[in-house]
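J.: Letter by letter, the chains look like this.
Protein chains: 2
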Amino acid sequence: MMNPVELIIKKRNGESLNREELTFFIESYLSGSIPEYQMASLLMAIFHKSMEPDEIQTLTEVYIASGDRITFPKDWHTVDKHSTGGVGDKISIVLAPIVAACGGIIPMISGRGLGHTGGTLDKLESIPGLRTDFSDAAFRSIVEDVGFSIISQSERLVPADRRIYALRDVIGTVESLPLITASIMSKKIAEGAQNLVIDLKVGSGAFMKTIQQARDLGVMLKTVGNNLNQKVSVVFTNMNSPLGNFIGNGLEIFECIEYLQGKPQSGIHEITTALAVEMLLMTGIAASKQEAETKILHAINSGAALGKLQDFITAQEGDPRVCENLSLLPRAAHQIPIYAEGTGWIEQIDSQKIGYALIDIGAGRRTLDTALDYGSGAYLPLKIGDSIQKGETIGTVYSSDVSQGEMVARKIAESFKVCKVPKKREVMLLDRL
Amino acid sequence: MMNPVELIIKKRNGESLNREELTFFIESYLSGSIPEYQMASLLMAIFHKSMEPDEIQTLTEVYIASGDRITFPKDWHTVDKHSTGGVGDKISIVLAPIVAACGGIIPMISGRGLGHTGGTLDKLESIPGLRTDFSDAAFRSIVEDVGFSIISQSERLVPADRRIYALRDVIGTVESLPLITASIMSKKIAEGAQNLVIDLKVGSGAFMKTIQQARDLGVMLKTVGNNLNQKVSVVFTNMNSPLGNFIGNGLEIFECIEYLQGKPQSGIHEITTALAVEMLLMTGIAASKQEAETKILHAINSGAALGKLQDFITAQEGDPRVCENLSLLPRAAHQIPIYAEGTGWIEQIDSQKIGYALIDIGAGRRTLDTALDYGSGAYLPLKIGDSIQKGETIGTVYSSDVSQGEMVARKIAESFKVCKVPKKREVMLLDRL
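First to last, the protein sequences are chains H and W. Everything in the first sequence is counted per this note's numbering, starting at 14 for the first residue and increasing by one. Everything in the second sequence is counted per this note's numbering, starting at 14 for the first residue and increasing by one.
Keep in mind that the hints were calculated from the coordinates and are not lab data. Note that this is a predicted model, so its numbers are computed, not measured. Using N, Cα and C, we set each Cβ at its ideal position, and we do this for glycine too. Each hint should be verified, as a subset may be incorrect.
Calculated pairs, SDA-like style, for lysine to any residue (alpha carbon to alpha carbon, straight line, at most 20 Å) [stated by the list, open to error]: (1) W:LYS23 with H:ASP182; (2) W:LYS424 with W:GLU306; (3) H:LYS23 with W:PRO394; (4) W:LYS396 with W:LYS244; (5) W:LYS87 with W:LEU294; (6) W:LYS222 with H:GLU28; (7) W:LYS424 with H:LYS366; (8) H:LYS424 with W:MET15; (9) W:LYS430 with W:PRO394; (10) W:LYS403 with W:PRO350; (11) H:LYS366 with H:GLU419; (12) H:LYS366 with W:ILE22; (13) H:LYS62 with W:HIS61; (14) H:LYS23 with W:LYS62; (15) W:LYS244 with W:VAL232; (16) H:LYS433 with H:GLY357; (17) H:LYS222 with W:ASN26; (18) W:LYS23 with H:LEU180.
Cβ pair distances, simulated, as ranges [stated by the list, open to error]: (19) H:GLU330 with W:ARG379: 51 to 61 Å; (20) H:GLN225 with W:GLU354: 32 to 42 Å; (21) H:ARG82 with W:GLU360: 30 to 40 Å; (22) W:ALA150 with H:PRO48: 32 to 42 Å; (23) W:GLY142 with H:ARG379: 55 to 65 Å.
Sequences are here, hints too, so could you generate the full structure?
T.: This is how it looks when you write it as structure tokens:
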């Protein structure tokens, strides 16, 4: 019988934990014989002392072994995308239908928003009627019929991650390379996709603040995936400003549908294309980058991708008419202008601050029980490098409550920093692996 | 309203927490609005990132403010002793009566054993009838009548420390300079003694393994005490071997009484005298080291110190006849010899291993609920530097169960390491501050 305190002390002192020790600790935690506070202490020790590569690999395997695995026929060439999370990140909602329209098969298990970043499931659930809680069998059947499905993690898929992820969030151990790696890769392997592209966000609005941190994580994700027979590509993308022009659940669905209807949106387009190219190449649907890009453009311009989104909404019991009638999407009653506080070129946008500010009007969650206001959010079309004038309108807050909306508008205004010399627009695609 | 996670992240990133933040965190923890797991995570972050001196000072003050304070009249010149804990440490039980016999006033709040070190309260409670759970008023009255009293920490004395200390023990954050400092000094200041001598144990059987670690802690303890109007002396003593010849609750009382009856015991005598000298100088009872030493010897040789112990036992409802009739003390039925495993000079004695081994026969606690066997323990008269021969008897285990006792005897035998070249006896007193 191992002693949990001795294992905590071992990790605290910078030693490695072996498979037997990690299995004991995590299984005892799941069965309730190790309490939350001992797990919390171990996680903070891992945060500070990190883990060896083979220890991270083992941790991921122990996570996977804690629950069920979904499998798909080998010849389906399944491919999934994972994003490490950012403000305004709605890419999955356009990427999955585009890749499906090109012939890809995407079984996607996604998450809810917590902290300053939003969640794909919350965004999808702003579509009237849409559900994300399907059984494994129903999930497989939607994937087969539509080409993609996006559902929530079931109780039985990687329970170790479900429990530990929720704990990490409230004990300040989110930004840990070994813990992030085990969390992402265990879920992505257990959900059964053979190929995976990771959108690794870098910058002030992301968990990884520097490209070096992000590269370390990227290498680790790829190594662990490959060791567990999953092909992994990593694309590093800029998260210094919110992604796209809208933030907020219903507002982002609005923006996604407009994009699939053919309305240009450069930030979304650039990232979606880069990720879709990887997915089409990995699965062999396209033989070259150029061929992939042609297929992607055609999927959008022909309306095929929008059709896939519509089929998906229907399959998951949402109202598919939203794809033609955007007014069916929730939108908060009041629109409050955001006024620039300074004059100059936008040097910095504190996306994290914006994400947290929007929680106050129900666009995000403070705790897992927070009720969302699907129609609330913000329209923020300006990016780093744009010039603004003090007092000019630089965006709009959508809120059900005017005075709270005004407070949020002020907080968002404060999150824009200007400089007196022209600043270049930032590149969206930073690197790939 | 502060956010606990943000405070954890602040400390995790190595920033200081201010008074308002520490107060919020600790008060919310005590009131139940911050759960154990968030406190556990903060404590592990403090373990890794430590605290600034003024932050440690503040933490100590926040601890003190969490409960009641006991006060004594200023002209009582109260003095207390604190030991950082070691194996076989029975010093309080002879020191308090000696200093009281010299005219000192010692209001001592002590602890129970946990981990490999024993606790003064457990040792005292092996005396038939003796209680340690008195009210503040009864405590004061015993101190006034006898010159000293040794009781347990009440619910209302530094509840922050009581709760956090118990948590630290099970989450692997005991050996943290800021947490040790706040824990010791908050209790010692709240219990009202104007002067304090600290027996800071150093070595393999202590929490502080090196003299440098111990010095850092000593300086911090003294600084915090002085800033809160308590005079503090620190004596650094050797804890590479168990202290004295006996380990085990009733057995140590036996050894204490024999010592006060005049039986020489060099280890106990050296440390007790060093600490008592400090206490007599601090309180002005003696003007010089020499005068102090004369008074101490007289207190022992005249029987005055033994008389004080007897008065104390009576006042705390124990059977005072133990001071004359040692057979009234508990002693386990079976005595099992410990045989040397090697030939040579004793180079090392793993006191920590001995402490843990003795838990198996009830001499110490595995958890706070462990029932003790007051008569169990070991007699270990040999010290580092003594020569032994393989197979020779080097000590005795006292156990109620023969086979368990034999296992413990083997574990203790293993904890003696011999070398082939003569080794000097170790000095007991290492330094003072």
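J.: Does each hint fit the structure? Answer for all of them.
T.: Results of checking the hints against the structure:
1. W:LYS23 with H:ASP182: Holds, at roughly 14 Å.
2. W:LYS424 with W:GLU306: With a Cα-Cα distance of about 39 Å, the restraint between W:LYS424 and W:GLU306 is violated, given a limit of 20 Å.
3. H:LYS23 with W:PRO394: Judged against 20 Å, a Cα distance of about 33 Å means the pair is violated.
4. W:LYS396 with W:LYS244: violated (34 Å)
5. W:LYS87 with W:LEU294: Given pair W:LYS87, W:LEU294 holds - Cα atoms ~17 Å apart, limit 20 Å.
6. W:LYS222 with H:GLU28: Status holds; Cα separation ~18 Å.
7. W:LYS424 with H:LYS366: This hinted pair is violated, its Cα atoms lying about 59 Å apart.
8. H:LYS424 with W:MET15: It holds: about 18 Å lies between the C-alpha atoms, which stays within 20 Å.
9. W:LYS430 with W:PRO394: holds (15 Å)
10. W:LYS403 with W:PRO350: holds (13 Å)
11. H:LYS366 with H:GLU419: holds (15 Å)
12. H:LYS366 with W:ILE22: holds (16 Å)
13. H:LYS62 with W:HIS61: holds (9 Å)
14. H:LYS23 with W:LYS62: With a Cα-Cα distance of about 17 Å, the restraint between H:LYS23 and W:LYS62 holds, given a limit of 20 Å.
15. W:LYS244 with W:VAL232: With Cα atoms ~13 Å apart, W:LYS244 and W:VAL232 stay inside 20 Å; holds.
16. H:LYS433 with H:GLY357: holds (5 Å)
17. H:LYS222 with W:ASN26: holds (14 Å)
18. W:LYS23 with H:LEU180: holds (18 Å)
19. H:GLU330 with W:ARG379: 51 to 61 Å: Holds: the Cβ-Cβ distance is about 55 Å, inside 51 to 61 Å.
20. H:GLN225 with W:GLU354: 32 to 42 Å: Given a distance of about 53 Å, which is not inside 32 to 42 Å, the answer is violated.
21. H:ARG82 with W:GLU360: 30 to 40 Å: violated (54 Å)
22. W:ALA150 with H:PRO48: 32 to 42 Å: holds (37 Å)
23. W:GLY142 with H:ARG379: 55 to 65 Å: At roughly 56 Å between Cβ atoms, H:ARG379 and W:GLY142 fall inside 55 to 65 Å, so the hint holds.
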